[in-house]
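Listed in order, the protein sequences are those of chains Z and L.
Using my numbering, the first residue of the first sequence is number 1285, and each one after it goes up by one.
Using my numbering, the first residue of the second sequence is number 2, and each one after it goes up by one.
Simulated crosslink set (BS3-like; lysine-lysine; CA at most 25 Å straight-line):
#1 L:37 to L:23
#2 L:45 to Z:1306
#3 Z:1361 to L:42
No lab work stands behind these hints, which were simulated from the structure alone.
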Amino acid sequence: AQSVAQPEDQVNVAEGNPLTVKCTYSVSGNPYLFWYVQYPNRGLQFLLKYITGDNLVKGSYGFEAEFNKSQTSFHLKKPSALVSDSALYFCAVRDEGATNKLIFGTGTLLAVQP
Amino acid sequence: DTAVSQTPKYLVTQMGNDKSIKCEQNLGHDTMYWYKQDSKKFLKIMFSYNNKELIINETVPNRFSPKSPDKAHLNLHINSLELGDSAVYFCASSLGDTQYFGPGTRLTVL
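Sequences are here, hints too, so could you generate the full structure?
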């Protein structure tokens, strides 16, 4: 069965420093991978997705993610963190059996200190 | 001009009551979803409709009944509410792979 894992419950980074939020996946075929962000008391917002093509995917708010097939990873990155990036980040994979279904990771809380 | 909207935003009710949450999207999407986010922020799909037809029905108590009067609306009715139903419920819609979420409805069952 497909799954994604977010090994870190929380990531702390200082403002201006680069950030990485980790995600690994498990699928039998080609993965369709997504990152969403949830600000406090808000719904999830789409950041970016990998379907095929270039392994480096650029998304909203300066975020990017690198698809690595050999390591089955899809880590979210940003060169310079902002305090306003502090939020809950979810990695997700599309279910291979039901193409409208997303399977979400457990979420990683990003805390950016000023 | 909110893309995916839900009402109400907050819902506080007693055990045993019946309640409904409404969702509307103005994006012209064909597919709509209901998700439940528990107190640990774990997010799980409950239902999905495509053009008013149920296409995903996860293992959810039959006290939960979705209804899609048209492809822009997907409502969720919950009968005989239990304490464990307390959560944030999110509606979403999609046209293709990307899903767009509503602001959520925080349900508290006392």
